[in-house]
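Chains as they are written, first to last, in this note's numbering: chain A, 8 to 306; chain B, 8 to 306.
Honestly, the hints are just simulated from the structure, not real lab data. Treat the hints with care, since some could be wrong.
Remember, identical chains collapse to one label, so a pair may be satisfied in a single copy or spanning two.
Straight-line distance between alpha carbons at most 27 Å, and here's what the computed DSSO-like set of lysine-lysine pairs gives [unchecked claim]:
{"#": "1", "residue 1": "Lys93", "residue 2": "Lys255"}
{"#": "2", "residue 1": "Lys160", "residue 2": "Lys205"}
{"#": "3", "residue 1": "Lys235", "residue 2": "Lys205"}
{"#": "4", "residue 1": "Lys305", "residue 2": "Lys160"}
{"#": "5", "residue 1": "Lys205", "residue 2": "Lys192"}
Since the model is a prediction, treat every value here as computed from it, not as a measurement.
2 protein chains.
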Amino acid sequence: MDPSVNKKIIDGNSIARSILQNLVQEIAKFKPLQPGLTFIRAGNDPPSVFYVNRKQKVAAEIGIRSAVHLFEEKVSERQLLQTIDKCNNDPSTNGILVQMPLPPHLNQQFILNSIHPHKDVDGFNAVNLGKLCKEDDSGFIPCTPAGIFELLKASNVKVEGAHIVILGRSLIVGKPLALLLCQNKPSANATVTLCHSKTHGLESILKSADIIVAAIGKALFLKGNMVKDNVVVIDVGITRVNDPAHPKGYSILGDVDFNQVIQHASKITPVPGGVGPMTITMLMKNTFQAFKNQLSLKS
Amino acid sequence: MDPSVNKKIIDGNSIARSILQNLVQEIAKFKPLQPGLTFIRAGNDPPSVFYVNRKQKVAAEIGIRSAVHLFEEKVSERQLLQTIDKCNNDPSTNGILVQMPLPPHLNQQFILNSIHPHKDVDGFNAVNLGKLCKEDDSGFIPCTPAGIFELLKASNVKVEGAHIVILGRSLIVGKPLALLLCQNKPSANATVTLCHSKTHGLESILKSADIIVAAIGKALFLKGNMVKDNVVVIDVGITRVNDPAHPKGYSILGDVDFNQVIQHASKITPVPGGVGPMTITMLMKNTFQAFKNQLSLKS
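All chains should be modelled from the sequences, with the hints used to inform the complete structure.
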């Protein structure tokens, strides 16, 4: 690859690795104590199985204990709530993560709000989202937005004063990221426009963006002619498409037409290897933070 | 006044009055029960005294009981928290409002978060802000953003698909309003850009706006040459300036240079008489909602 192209790529794997290496050392200082993370998973949705396994693997590598409570697809809300309640009261569990999506008969928001805010390392409890809105740093920030923020920081992208266009207003990415980037802090202070399926005149909004974050789950949506020169592009999309040429039989595509957009961008994340590794890394960081917070409450 | 100009004005007093008239009737149906609203005020900041009096007056007019707990400027956090705790547990109080700003030695966010979310009719508890972010309608929406939303609705302004530029990222107006307007609902679905003191290129952002909400507290900031034709303008600013010609000795100015901007706007709110009366009205609506919610919990 042309070395000038190579320099444009924001290497999420490498940035994640350096944060994790730092975490290993920080966590080791507390030995024999260890942070504990509990996963709750219902059903056998293959991506959920995959993600929980991968998060457990990373946790083990950096010195975080983890456990999984597995339930059948048809689990009742009451059963899940009882388990969450037990974990809320179990001092050996510092963080609780209910793997999304839950089976459709369950009230997802009700379940997420039942996780104690102090153990809500995924950051989706209303209390933690409200704290993000209030710029109250005592809460947990959802992992993907937190990871994007770290990617920008590690890549020396100037966020302050930048016009950042976010594509997608999901609770997991778009909205909390907007709240994070517009905070009144020198590391944030961006002007954020949140776009979605009902946005009119998207072309001109995109052309005015200094930074674009694409999080709509539409493979290769963002084309080269839709961005201005020197834009920074963060691709959160993960769409799996059949690909007989690939050893796994499928490829993972982002929301960005990478080969086109890289011609115009000053920096860009690849898929895979961009935002993905950061999301897991931020989960580990939040879990370690929960562990430290709970230790200091005890003492 | 030229009648075509008159038709452009969004009359907040009249819209507020019609909502209040409806509330009077709804509240009367519950007689002899009455919603109860408790104010907590510390110190003698004249605007705070004025606002609490005015809110009490409107409450009395529509059949809401109210009470005030007054504290000296030097009140301790513990005293305030004890009073809030008492109100949280008092079944005759459906809504609690701590008048802002609090004296600077008090932790405002801690105090706001101590109000029970079910009684937080001002909507500033982290739980209620988080619910707004999650599009969970069981929470309370802060009164000024809720009032702006009602003004737009009552004036038949199309919000869906519109590009709305909000000036000011305060917790009281800008941020919750952004969350409200971008919700995935036919009455919302706007594309929101949140601007603030660190925004670059504000001129071109303002020129692209279909709707502008000015909430920065800078008198007459928005000029006629900064907006595009047919823009809708909502003015949240309230700046008091000395004015010997006025019987009160002062005038209230908005963030918008009304006489200039009305030449370009299709609709515009005046100051006073635009957003102001709606804020109090939404407080009454939230209090009545809290009353009904608490009744249904009892039965």
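Checked hints:
Proximity of Lys93 to Lys255 under the C-alpha cut-off of 27 Å is found in neither arrangement, the shortest distances being 39 Å within a copy and 62 Å between copies. In this assembly of identical chains, Lys160 and Lys205 lie within 27 Å of each other by CA distance solely across copies; the values are 18 Å between and 31 Å within a copy. Taking the closest pair of Cα atoms, Lys235 and Lys205 come within 27 Å of each other both inside a single copy (22 Å) and across two copies (21 Å). Taking the shortest alpha-carbon separations for Lys305 and Lys160, neither the intra-copy value of 33 Å nor the inter-copy value of 51 Å comes in at or below 27 Å.
For the homomeric pair Lys205 and Lys192, the shortest alpha-carbon distance between copies (10 Å) is at most 27 Å, but the shortest distance inside one copy (30 Å) is not.
Hint compliance for this structure: hints 1, 4 are broken, all remaining hints hold.
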